[in-house]
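Visitor: Listed here are the chains, written in short residue letters.
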Amino acid sequence: MNAAMGTTTAAAGPAGKPGIGPSPGRLAIRKLWRDKRAVGSTAVLLLLTLAVFLGPLFLPDFEKQVLEAQLLPPSAAHWMGTDHLGRDVLARVLKGGQLSLAIGLIGTLISVVVGTCYGCVSGFFHEKVDLAMMRVVDILYSLPYMFLVIILMFQFGRSIYVLFVALGLVQWLTVARIVRGQVLALKKEEFILAARTLGVGSFRILLRHVIPNVMGVVIVYATLTVPSVILQEAFLSFLGITVSSCTWGVLIADGKDYMDSAWWLLMFPGLTLTICLLCMNFLGDSLRDALDPTAKIN
Amino acid sequence: MRINPAYLKRIAVRVGLNLLTLMIIVSISFAIMKAAPGKPFETERNPSPQVLEELHKKYDFTYGQYLRGIFLHGDFRYSYSHRNSTVLEIIGEALPVSMELGCYALLLAISMGLAWGLMSALYRGRWFESFIMALAMIGIAVPNFVLGSVLQLFISLKWHAAPVAGWNDVSSKVLPVLTLSLTYIAYITRIARGSFLENLNKDYIRTARAKGMPEFRIFRKHLLRNSILPVINYLAPATASVLTGTLVVEKIFNIPGMGRYFIESVFQRDFPLALGVIIVYSVFLLFLNLLADIILTFVDPRIQLQ
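Residue numbers (my numbering), protein chains in the order written: chain U, 1 to 298; chain W, 299 to 604.
Hints in this document: simulated from the structure, not taken from any laboratory. Model, not experiment: these values are computed from the prediction.
With a cut-off of at most 25 Å between alpha-carbon atoms, the simulated SDA-like pairs for lysine to any residue come out as follows:
#	chain 1	residue 1	chain 2	residue 2
1	U	K128	W	L318
2	W	K456	U	W263
3	W	K456	U	D254
Looking from chain W toward chain U, a few residues come up when the C-beta cut is under 8 Å (computed):
#	residue
4	L318
5	I436
6	A439
7	P441
8	L451
9	L545
10	I576
11	L583
What follows is a set of in silico ranges between Cβ atoms, one per label pair, in the way DEER data are often shown:
#	chain 1	residue 1	chain 2	residue 2	range
12	W	R504	U	V165	52 to 60 Å
13	U	H126	W	G362	36 to 44 Å
14	W	H354	U	Q70	43 to 51 Å
15	U	Q70	W	V597	56 to 64 Å
16	W	G492	U	L105	24 to 32 Å
Ideal Cβ placement from N, Cα and C applies to all residues, glycine included.
One chain only, chain W, in its complex shape:
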């Protein structure tokens, strides 16, 4: 509809800015990690100079080498703690896990959030609405690591209803997904309720009802489309914070995802792995934001791409 050259030009500008931001992120991370003195493996077991030389050739790198590596060869180099794997291999295994966790959490959050939001809008003024809103407030305030630990305590340890940790079968996925999604369920419930309330009183809804349209059809054709905008607006920063959320959820439930590898790599000074994870996350974040903004311009014609 509006895919004209000006629009494409703005997208190009955004992509350019994203690449610039990516460069800044890589530079800052590189600088921070190189700021600590010492080269890798210098403190371990006092190897001979030749061995050290070989090790450095394989594992150490300068800023220029690294950049050339990632942009020209797609080479993120070797991990310092998982000595025989390249960073790309490790990320290749960990990324699908984290994505699965994140996607389930967001899907759960959207579906539950819209559902609860709609119900509290429809039952406005009754105890149900206050109850749901109170729960939402608690959901926003409880930190995800507290929630995860408490769920582990009660559901896994006391009632044996789900495994304590791990990521294999369906039952082991329930608690982590629930933990990660709760804050977003709470936020989306609040946002959706506000948005539904605003639209429910509008004239076009009343007209549809007066014409005898069944409630569900009204919801599907009119209410949902017009109310969903604030929720979509929220989803872009929400996705970013889901990424930080996985850091803690993966640690608590011992899930072999990017978050856990990142934390481990920072503590073990596994510089290439940490850098690799940051880059992958950043690429995700930046382009997901761009995608969200593009979708927004299609959903609401009044919005201009920045």
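Pulled out of the complex, with its shape left as it was, chain U reads as follows:
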């Protein structure tokens, strides 16, 4: 976990001396700009986001069933064909995209917020508190999450809030561990000692000094968590445990039923999901490499 990002503070440049050279953030952006993979992925993701939120304005309603136009292959009128109820697949894929992206972002946000708070508290205060909190994390870590999430979702069902809670629950543990590691290292820095000496309260120190310095690692982790959450949501909806009938997982499951006669019902949602996840993973990888202070910049 600490290998993901070295322990840098916001004020230090690559030479380790405070205030000399551009900040790690700026260096990271420069590195990213040069990385073709990262630029390509960002472009695709931006395109996808635009399409997903603006596209439906130009397309027929994703719910509109035209029973005369069932199972039509891709054509000029329907770029991705129609499904068994005559609904335009492109519109459905875009709508599914809205849901997936929203769920991915919000789920990640929840797990990051919870995990960061937990990790900060655990790492910053007394050792006994830390030990107890980490034991809890260890035990929770070994729970078979998917199974519990499945039963949870099934019992308390079709509410999107349960979904957010369930997905957030799975991811926050790793965030907590990473943040705690960073906080433990940060605790020894001089500026923290200085703040304490000046009489700054613990909460304020955490808020103003610790958290901004931990943010780098958290952001990298968050960019890799979003595709993970989207994947889990698609996994659940493929199995039938879903909050909407139009998410990518449901589209893929439905498409599977008709795959012998209408390959486009499976391939297009599948391809979109894959490309989305691929780009997010590329971006996350590149971001992690870019923020690595041990790598050289030309």
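Once you've looked at the hints, dock chain W against the given chain U.
Guide: For chain W alone, kept in the frame of chain U given last:
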């Protein structure tokens, strides 16, 4: 070598923690499933009170009864959907199937992963390496249910090269194992390549080469042993996620394994079966992790058991 009382004590602590975790898992699952109102069979065909009474005696249970049942008698009670079978019977039939699927997938993943990883390390800088790494990236990003469905579409339906579903002869096992293993092949390729690359440049390898040792012997005696650690490290969480992977692969290919039974039991509110599957999986996970950690301490003497 290092089996001293302190080591055994740490193992005991781990086992204790595992049991505690197991209790927590059972409790949480029980609570979630009992949270929905209604007793079993209440909504079906309006049986008379006496019949309901009998049914409840056989099928319903409280938390205390359940715990006593599983720990004292090994009794996981009867399934609600497969009315005449006990949960243990069903799991007894389904577990070997899932284990077979999982083991084949992991074996395939390890062998292919190490092979591809080694080759991309040896051909560093050439197109081969970039090609393999790109494939690995795709392997990591493609969800297993998408892959499984696509393989079914092309290989079974269009080209008739393998059966669409089922788990009987060798040809029916190819697609499910391939689907399940692909993500792990991709991960292991990446990890193995990194690890091999790191070790290939080390001095002891160069010395062995300078002494004239044949490449294969170098690989077997030196490179493999030193590079395999990150791969083994990865295998513990990988095994856990193979279990979740079987959920979807068994559904797609209609394989009578634990995963499929679990999904069905959740949808049909077959509470004992779902609980039984969760317990068996959890026991597996927890003790497999412990085993992996123990093996790690033997493979690398620098590692301490936690």
